[in-house]
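> Got two chains here, separate frames each, mind docking them using the hints?
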Amino acid sequence: MRYLPHSDHERADMLGVIGAADIDALFSAVPKAALNNFVLDLPAHSPEFLVEAHMRALAGKNHAAGDGPFFVGAGAYRHHVPASVDHLIQRSEWLTAYTPYQPEISQGTLQMLFEFQTQVAKITGMDVANASLYDGSTGTAEAVLMARRLTRKNKIVLSGGLHPHYRDVVKAYLKNDPDLVCLSPSPNGQGDILEQIDGNTAAIVVQTPDFYGHLRDLKAAADAAHARGALLIVVITEVVSLGLLEAPGALGADIVVAEGQSIGNALNFGGPYLGLMATKKEFIRQMPGRLCGETVDADGNRGFVLTLSTREQHIRREKATSNICTNSGLCALAFSIHMALLGEAGFTRLARLNHANAIALADALDGVPGVDVLNDTFFNEMTIRVTQPAAPLVERLARRGILAGVPVSRLLPGDASVDDLIILAATELTTKADIAALVAALTEELA
Amino acid sequence: MSMNTQGRPTGIGTLGTSASGSALLPEEPLLFEMGDTEHSGVDLPDVELTRDRLGGFGRKTKLDLAGVTEPEAMRHYVRLSRLNHSIDSGMYPLGSCTMKHNPRLNEKMARLPGFSDIHPLQPVSTVQGALELMNELSHWLMTLTNTAAVALSPKAGAHGELLGMMAIKAAQEAKGEAHRTIVLVPESAHGTNPATAAFLGYSVKPVPARDDGTVDVEAVKAALSPEVAAIMLTNPNTCGLFEPQVIEIARAVHDAGAFFYCDGANFNAIMGVVRPGDLGIDAMHINLHKTFSTPHGGGGPGAGPVVLSEALAPFAPVPFVRRGDASLELVEHIEDQALGRVTAFHGQMGMYVRALTYMLSHGGDGLAQAAQDAVLNANYIKARLQHLFSVPFPDYPTMHEALFDDSFLKGTGVTTLDFAKAMIDEGFHPMTMYFPLVVHGAMLIEPTESESKQTLDRFCDVMAELATDAKAGKSNRFTSAPVKAPRRRLDETRAARQPILRWERPAELPRAAE
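As they're listed, the protein sequences go chains C and A.
Sequential numbering of the first sequence, starting at 1, is according to the UniProt record's numbering.
Sequential numbering of the second sequence, starting at 1, is according to the UniProt record's numbering.
Keep in mind that the hints were calculated from the coordinates and are not lab data.
Positions of the beta carbon are idealized from the N, C-alpha and C atoms, including for glycine.
Among the clues, some could well be false.
[Unchecked claim] A short list of chain C residues far from chain A (calculated; beta carbon distances all over 12 Å): (1) Thr140; (2) Leu183; (3) Asp217; (4) Leu341; (5) Ala447.
[Said to hold, decoys possible] In silico DSS-like links for lysine-lysine, alpha-carbon gap of 25 Å or less: (6) Lys60(A) x Lys175(C); (7) Lys205(A) x Lys221(A); (8) Lys62(A) x Lys219(C); (9) Lys61(C) x Lys108(A); (10) Lys62(A) x Lys281(C); (11) Lys281(C) x Lys60(A); (12) Lys62(A) x Lys32(C); (13) Lys205(A) x Lys280(C); (14) Lys280(C) x Lys319(C); (15) Lys175(A) x Lys171(C); (16) Lys474(A) x Lys484(A); (17) Lys280(C) x Lys221(A); (18) Lys205(A) x Lys319(C); (19) Lys171(C) x Lys319(C); (20) Lys60(A) x Lys219(C); (21) Lys205(A) x Lys175(A); (22) Lys175(C) x Lys205(A).
[Unchecked claim] A few chain A residues that face chain C, going by a derived Cβ cut-off under 8 Å, partial list only: (23) Gly67; (24) Arg75; (25) Met91; (26) Pro103; (27) Gly114; (28) Glu161; (29) Ile182; (30) Asp365; (31) Lys453.
Looking at chain A on its own, in the form it has when it is part of the complex (with noise of 0.2 Å):
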């Protein structure tokens, strides 16, 4: 086995047993490693054809393709998994991201037959309660946020926004506005914002914040000309706080003959409590794998429908359930509609169940709590670290996320990143950090409503154990971090260079069987 200088095994080429740190956390060496072309974890009949209709077109190159057997696989993806933190392993604080307790009974209702058995494209008098609970989660989403319609389809928060950006287009189209090329985006936006402005053809605007992390409607006013067609605006917003003057922003914007698309990343902070139908929003996305608990698997699935005013509603894109006379139908094409689809079929049922799900177990009472609680979670980190920590917005209290800065580490040697890594040999996953981008050195922290006082108090205690030691010029704690997790730190700067995306057999390793 190799070893590298401080004597311990590389992991590279190694199999099964070795260990790195500890005896019972192997390292895991790649399927490709362990597996080969003959090896199968499936028992499938193996049928001769003994004639085929593929005309000429069947395979000749080889696939080169690693199996496993059953067992095999069940360790393998065991134990890269115990290599991964998560939500039910220990808490989450990223800001922005919304990492709350997934329920169980969520995934158990996903499974069942009657939902994640059914195809697309099968007759509609066979899906009913499909369409009944595509139906009953519109409803909800409409009533929470006091609009006029809901796109269920898009497949994430970004696709969503996507989604939202092209109604705002067709709608200043078919007004006869296609002249409105300018999209406003504040500073302080997730970059997905300006990102999507840009990919419908928009020029981004930004417009300041102010000093105290909100955005003033004179700004925003002073951006306005009849050249702009919407503002994307996150609220609460990435600083964690909410927009006082919203309503005056949006009546600006409406005046001035633009839309206003909401960034609805952050509303669980508010559902229940507020909502923004009633600020003026045109529309807004909502991430159901966020606000709604349907788990973030790695990085997705998502699921981002699109709640929409009266103006945009027409605008809503294929496919929308709507109540016949009998039963209900699924609307599928429309005739010159503006937009048609964003996908190819109806969204992301598996996620719509979960969400529902959800809603019914907390209720609309039990989901106004809950954003209460996540707003009360984040207000008490922030008042216990305060004094330790700086905070760059300290004007209003903070939403579901508690915004700190890196001025508190001003002399010490200590960057975010490195006291993001510290926190891992403490036990916790980093909160975000360098963002929003308004804030040097952010670090964002979201607790949500799942985390109990117990451990916000732990949270805080290592927090505090950490600001402390910092400032005391400890920093090895911190530059060396993280030294107790599966890897030290990662060669990003080699990643990116020298890019190596896939494996590649080494001369030495002969495929099995040419």
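If we strip away everything but chain C, and leave its shape as in the complex, we get (with noise of 0.2 Å):
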């Protein structure tokens, strides 16, 4: 087995130097109606080139998303990833490295999530941020916990337009909890979040772009939340429409969520992403997970540590702020090495190309008879509403080589007034060759 490296005369040697008779002396503990009294029915162990044909016939029967006009979106989205970030991750003091207990011989990783905090402040426009959550669903569901640590009060109020999946995983952080308010989402975009704030709120969760693809107005939500003393969640999951949106943080929000996935992490099928969350200087003491501080060492060289522990499970242990353990430090720097490389200059350009994309889309969709684009502002994401069941019509132009975004009953089940709507995103990689392929097959489809 070419990962064990002990010859059975080691073993042997090793045992005589333990003085046991053999390795069961070794489970002596174990009940003996527990201790090998089973037959595993699993393979034996296999030579490389086996393993992987075995992984590769599995992947082949998968549909990537490079192989063909692509459109999916709702909370994760295809963008490029510069060849030199997966070449940088994979580097076996990145890829190889546990979580930064010894700092005197962590600080690579200390200093990259130092940046890392440095960059998701910058974009969100807050003081500071974590060094990272699981990903951007469960770090909503942090920031709710969060508010009400910060608030002492109980109600949360989730905008309708918050994707449903982390509507659902709130909800299951807060099970059973009558102050937990989630609004109906609505495709037209109106809301009315701001009526149900009251004196016992501890803050109102808006998502923008919304799960639709509307923009919404931040401002104003601030506002309202505010002046009754609650605070303001943003939940963003396409955290590149920041090279183009003003930030939250100048928009009066209190605690910033997004899925990080967008830069430098592929689709993976759902994982593993990246929570980021970002907050005013003031609530830190309250913020989960992870943060990585500034500080000197005995010869006053500049160095950096994991800090503000006393928040944290293994030392508060059951008054901990959360029973977070890991984040997602190789994620977090996929992300940050992917924003050095953009800059400034280039997060801008990425945001103006998928924005452009996108309106190009909306355009050449909206000439498709049978489609009516329900948006009147959009980042890169919007939702069409056709003249036909949409799920069965998304399987039909998948059979055709084109996975045309997300048919929102898929997210929304029961729910027959969404029947007809489509969820279609656009970004950097959607080229006019896979938007008149779209728009030929949906005319046909449609005809």
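Below, the structure is given as structure tokens:
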């Protein structure tokens, strides 16, 4: 077995040093009824080329996004990742390092996290960011709990424009909580969340661009929330939008949560992804997850450490701000490298390119008989209404090699009013030819 | 260049070529000290937006985001990487953390476009291979644990723990027993256990450990009551011991109408040798990044699938894979399902690929051998060091990790922390320190199955020499350590008292473009 270093001879020598008769002697604390009392019905070890063949066969059964025109978004986005990003994150010293608990020999990871926190703070317009959470959805649930700790109030209002999966995750985290109000999603972008704010409200949660692609007025939401002593949590599933849209921090957001997958990270069928969280300086002691801070070493040299760990589970145990132990360090590294490569100029150009392609897509879809583009505003994603049930239509288009977006019924099952809606995204990877192929296929299918 | 009292450069604000101890290990400035808002390492067409659809929400504030060119980025991140210790550069004997070899085949497979370039919401008919992979991984996990179901989606061990306890809570409520508000947690538990229980609104009741480091079934029985919802037990436990009374504990817990949550962080010690289902567990998370070799990546991503007993299987969250008539189906929604969803999509697919690749490479036989070798290695270290170090729980063979306390350092002026830092100067990553909390000045060493006898011998030689030096009064070697690392000891108090969590532009450094 290629991963195990011992020969049988060495094993025998080691057992001799230990003074054990055989390996079972080392498992003597295991109750007899449970030790080796079964036949493991699993394949035996396999050479590398056979494992690779098996995995390639599985991969080959999937239609990769790059195989044809692709317009799927709704919380995960296909962007170009520069070759240097994937090369760098595969360096052993990044890939196979542990959490930087020994700062003297983990300065690489720590400095990177400090830079990552700075980048996230800058693009969101907030004071500080943490060193990443699992993903945007769990980050949203954590933000909600954080808002309750900060305000000592209970009511949470989720906008109807929040991604339905995010809503479901918050519901799971706040199980059976009568103070959680979930507004119905509206494909037309009309929200009445501001009317829900009262004196018991800890926070309102607003996503922009929302789940249907509409841009939301964060300033109005922040003002209304703050007037009643509530916080505004802003959720962003497409972080590239921040290259073109005003920073939530500049509009009054108290906590910003984003899915960072779009920058530096592949689609990966849903994970691993990367939760970004940023907030105001005065709230950092209630922020969950890891934080990296600057300090000096015994020689006076600048260095970095994990800090404010008095909020964390390994010290506070049942009083911790969250039970989080792992972050998404490697995904944060990919994000940080890609962001360093983009810089302000590149990030802005990337956002413009996304928006321009989305405008081209919207214009083209507008011209298809039987298609109604519902959005007045959008960044790179929009919702269309078609003249027949959307899910089978998307399935037929997939059979033609075109992945034409997400039928809303998949995310809101049981709601008949959304059966004819499809959410489509364009990114910098969307070509004129892709759009032309979609338009031609849609025109035929809807004729 | 500014210098410190020893005449070494401070590294603050210095660029590129300045040296700290070694000319080939340069001080690396922060990204923001080397890049600016005009540089970019990507070449994107700069489209003119003659109109927009932003509805007046366009950005007016500046990003002030530094960029670098591709060659500068390569150097920055390569240089930073060299300041890290990693499992590929040396042994990582962290107890309870399982730093084992990360096969590169895993990485290669995870990057196949058929896995990495598929979207969680593209039509299910176009991702049948991905669902097959999830099914196959589930089969391995259920077979290795002898359990009825598995929820793949949790993003990390602690997240899996949360899900497992949510399932227990939902099951108790379904039985009409929502009044059960207490969770028993042994003192030796991971900090995530009490945090998770409290997170779900439970009050945490500690169960004391016996003098031998294990949990006493009588202590569990004494703590059980009609208000107890579950016990959270780690097995093998954080002292590196297999709980000898685990079957009796499970029976007592079940008899009292409670569930048995097992923290599976240490499953690597028993995989293929003991099936947790045979011990009576109801739920257990499995850290794919520990047990099944997906890399830790400097702190993540993890993956924490949870196996469930028959009793808890109905409370598994969505999504899960089900075999339909002609194809595999992805169940993403169940009407009135108790738990719903714990993450947006289907979990850590990239980690599933790596873990299954590792499982297939090792096979069932290899996984069992790996567990046995991990246990062999830990006992070997214990055997070689026990005459110099103090062993708090000598009654049982250790499992995959060897635990020492600091009583052998009594009177030397050397602390566990000092000892750990001295290991750095000898080229070893320190062991886990001060955990588990039940032991004073704990040193928890987990070699894993990856380490050869030669490496273990070298490690033991160094540890023995350090122990001898400490006892001989050569305390300076410890209290001044490390001296050979990229940094000396860092001031953690200062970092916490005056938190600096991001770079701020110094007044003398104007923005490039306004």
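> Each hint: holds or not?
Status of each hint after checking the structure:
| no. | hint | in the structure |
| --- | --- | --- |
| 1 | Thr140 | 9 Å, violated |
| 2 | Leu183 | 17 Å, holds |
| 3 | Asp217 | 7 Å, violated |
| 4 | Leu341 | 4 Å, violated |
| 5 | Ala447 | 22 Å, holds |
| 6 | Lys60(A) x Lys175(C) | 40 Å, violated |
| 7 | Lys205(A) x Lys221(A) | 13 Å, holds |
| 8 | Lys62(A) x Lys219(C) | 18 Å, holds |
| 9 | Lys61(C) x Lys108(A) | 17 Å, holds |
| 10 | Lys62(A) x Lys281(C) | 20 Å, holds |
| 11 | Lys281(C) x Lys60(A) | 22 Å, holds |
| 12 | Lys62(A) x Lys32(C) | 68 Å, violated |
| 13 | Lys205(A) x Lys280(C) | 35 Å, violated |
| 14 | Lys280(C) x Lys319(C) | 22 Å, holds |
| 15 | Lys175(A) x Lys171(C) | 21 Å, holds |
| 16 | Lys474(A) x Lys484(A) | 18 Å, holds |
| 17 | Lys280(C) x Lys221(A) | 47 Å, violated |
| 18 | Lys205(A) x Lys319(C) | 13 Å, holds |
| 19 | Lys171(C) x Lys319(C) | 22 Å, holds |
| 20 | Lys60(A) x Lys219(C) | 13 Å, holds |
| 21 | Lys205(A) x Lys175(A) | 22 Å, holds |
| 22 | Lys175(C) x Lys205(A) | 22 Å, holds |
| 23 | Gly67 | 1 Å, holds |
| 24 | Arg75 | 10 Å, violated |
| 25 | Met91 | 12 Å, violated |
| 26 | Pro103 | 6 Å, holds |
| 27 | Gly114 | 3 Å, holds |
| 28 | Glu161 | 7 Å, holds |
| 29 | Ile182 | 12 Å, violated |
| 30 | Asp365 | 5 Å, holds |
| 31 | Lys453 | 5 Å, holds |
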